[in-house]
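With the hints as constraints, model all of the structure from the sequences given.
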Amino acid sequence: MVEHTVAATNAVVTLDVPIPQVIWGWMITLNMWAKSIGTGVVFVGAYLLARYSDRVGHSVRIWMPIISFVFLNIFLLFTLLDLHQPFRMWHIFFYPHFTSAITVGAWMATIFTGIIFLMSLIAVKKYILKRECKIEHLYDKLLKAAVVLAVPVTLYTATIMGEATARELWQTPAELVQMMLAALLCGSAVFLLMGGGWSYEIKRDLAIILGSSAFLSFVIYMGEYYFGHMKAEEVAAVISYVKDSGPYHALFWAGQWIAYIVPMALVFYSLKSRSSSLLYLASFSAIAGLYITKHVWLIIPQLLPLS
Amino acid sequence: MKLGFLVDLNLCMGCKGCEVACKVENQVPLHSWRLRVKYVDVGVYPETKRTYTPLRCNHCEDAPCERICPVSALHYLDNGIVNIDKERCIGCAGCMMACPYGAIYMDPETNTADKCTYCAHRVASEMMPACVVACPVEANIFGDIDDPTSHISRYIMAHQKEGGVKVRKPEKNTRPKHFYVGGGEVQLNPLASKREEGYNLFNDITHLDHIGGH
Numbered sequence: 001m002v003e004h005t006v007a008a009t010n011a012v013v014t015l016d017v018p019i020p021q022v023i024w025g026w027m028i029t030l031n032m033w034a035k036s037i038g039t040g041v042v043f044v045g046a047y048l049l050a051r052y053s054d055r056v057g058h059s060v061r062i063w064m065p066i067i068s069f070v071f072l073n074i075f076l077l078f079t080l081l082d083l084h085q086p087f088r089m090w091h092i093f094f095y096p097h098f099t100s101a102i103t104v105g106a107w108m109a110t111i112f113t114g115i116i117f118l119m120s121l122i123a124v125k126k127y128i129l130k131r132e133c134k135i136e137h138l139y140d141k142l143l144k145a146a147v148v149l150a151v152p153v154t155l156y157t158a159t160i161m162g163e164a165t166a167r168e169l170w171q172t173p174a175e176l177v178q179m180m181l182a183a184l185l186c187g188s189a190v191f192l193l194m195g196g197g198w199s200y201e202i203k204r205d206l207a208i209i210l211g212s213s214a215f216l217s218f219v220i221y222m223g224e225y226y227f228g229h230m231k232a233e234e235v236a237a238v239i240s241y242v243k244d245s246g247p248y249h250a251l252f253w254a255g256q257w258i259a260y261i262v263p264m265a266l267v268f269y270s271l272k273s274r275s276s277s278l279l280y281l282a283s284f285s286a287i288a289g290l291y292i293t294k295h296v297w298l299i300i301p302q303l304l305p306l307s
Numbered sequence: 308m309k310l311g312f313l314v315d316l317n318l319c320m321g322c323k324g325c326e327v328a329c330k331v332e333n334q335v336p337l338h339s340w341r342l343r344v345k346y347v348d349v350g351v352y353p354e355t356k357r358t359y360t361p362l363r364c365n366h367c368e369d370a371p372c373e374r375i376c377p378v379s380a381l382h383y384l385d386n387g388i389v390n391i392d393k394e395r396c397i398g399c400a401g402c403m404m405a406c407p408y409g410a411i412y413m414d415p416e417t418n419t420a421d422k423c424t425y426c427a428h429r430v431a432s433e434m435m436p437a438c439v440v441a442c443p444v445e446a447n448i449f450g451d452i453d454d455p456t457s458h459i460s461r462y463i464m465a466h467q468k469e470g471g472v473k474v475r476k477p478e479k480n481t482r483p484k485h486f487y488v489g490g491g492e493v494q495l496n497p498l499a500s501k502r503e504e505g506y507n508l509f510n511d512i513t514h515l516d517h518i519g520g521h
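Line order of the protein sequences matches chains U and S.
Last residue of the first sequence: 307 (my numbering), numbering continuous.
Last residue of the second sequence: 521 (my numbering), numbering continuous.
Only true hints are included.
Calculated lysine to aspartate or glutamate pairs in the EDC-like style (CA-CA distance at most 16 Å, straight line): (1) S:K309 <-> S:D385; (2) S:K476 <-> S:D369; (3) S:K479 <-> S:E368; (4) U:K231 <-> S:E478; (5) S:K393 <-> S:E416; (6) U:K243 <-> U:E224; (7) U:K272 <-> U:D205; (8) S:K479 <-> U:E233; (9) U:K125 <-> U:E136; (10) S:K476 <-> S:E492; (11) S:K476 <-> U:E233; (12) S:K501 <-> U:E233.
Hints were generated in silico from the structure; no laboratory data involved.
Structure (structure tokens):
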């Protein structure tokens, strides 16, 4: 806390009402985490289909929309459950307020989920039920639309965080990059976990995406950690919650290690030794650690008294 | 017309009459406040001073709560008041995350956001807000800041010469329409004072768990 510490200017709150603390909790973390997987597999899946369609096209075309659809539904379910009036969700569509990133995001996510649902339907009918789907010829067109829409769906949460004027720590430009990197991290990790029989060349590409996403995310967090206090008094106060004596110090570093440092090291050794077995561990570690990292970053600005 | 509020902290004696009047007028539930008076003690014994700061919604001209509200539950009235439609609110708490003044709470009875509306229902009937009526020392001044002849405009002009009219967190660029006379960093900047455990006289609760929905 950045308080006056000089005795002459000592100021202490001696009477106040209880103040609210954490408003957006684990459900919002789960929302962001699941969305990263839901859109990340579309980005990375589209890359695999563009580059290695002949080798992995069959399985990617089936599993990309299905995995995305499952995680998008987790994301939407917890978005809904987090509302204090979930049965009024329809207000977003009938009384929309388009200056709000929440509204824009809800519309985009709904359209995106609809597209992914159609793609899943085609995949399930053709490859699992072994029946031809009437709209199969649409798959590639839907994929193009899905990739385009995945961008705003990935990024809109960063804009919500930017619109949270009270939380100085969350700056839209940095959060936009973090959201995109989180999606790429998860997308590559998911395909590394499911692509056991794929060639080393494909796994190498995925490992590079995973490792570089982890590296860039880690650099941004370290930038905030070590230099954030120079920007503003509020940022300094918030960052103190994850610094040495802060209550979230251990959890912050646990997240950084599990999400970024361990995967980076494993990717490095894996590429060096041309061995792909370590990549399973790196992928699992990245996906699990991302939840912790996101959670800490979501919680700490909410600990600061606003008035 | 643009309604604004001014509190002369030199006059405020921390009686909490405004806080009680607001609670009664707006039937604000237990553990929730539209308006509260914060006490901050300054200095070291025997050179100490107690300050009193009424805190309420700032009815910003560029209100982050209005901008982030996905369903326009938070909206501007023609007189500049930032009002809330509780029937429209979906309880996403985006406004609570956006308001830099911590002025919005989640009503535990309706599970919707709520806040000070400058007693918009009273203003519509040409009455003053309840807190203004209750103040025994007329520290609360309310009126049209677009009208240079109004009491509040004249009060602002009279005190502006000494640089004594301030708003909370001007760096947030929200353009608050709630002004303070006689306020310093200690009263207006929450980071300028320490919050130690046990600052509440009546119980040990210093932080509220988020209610409803979760």
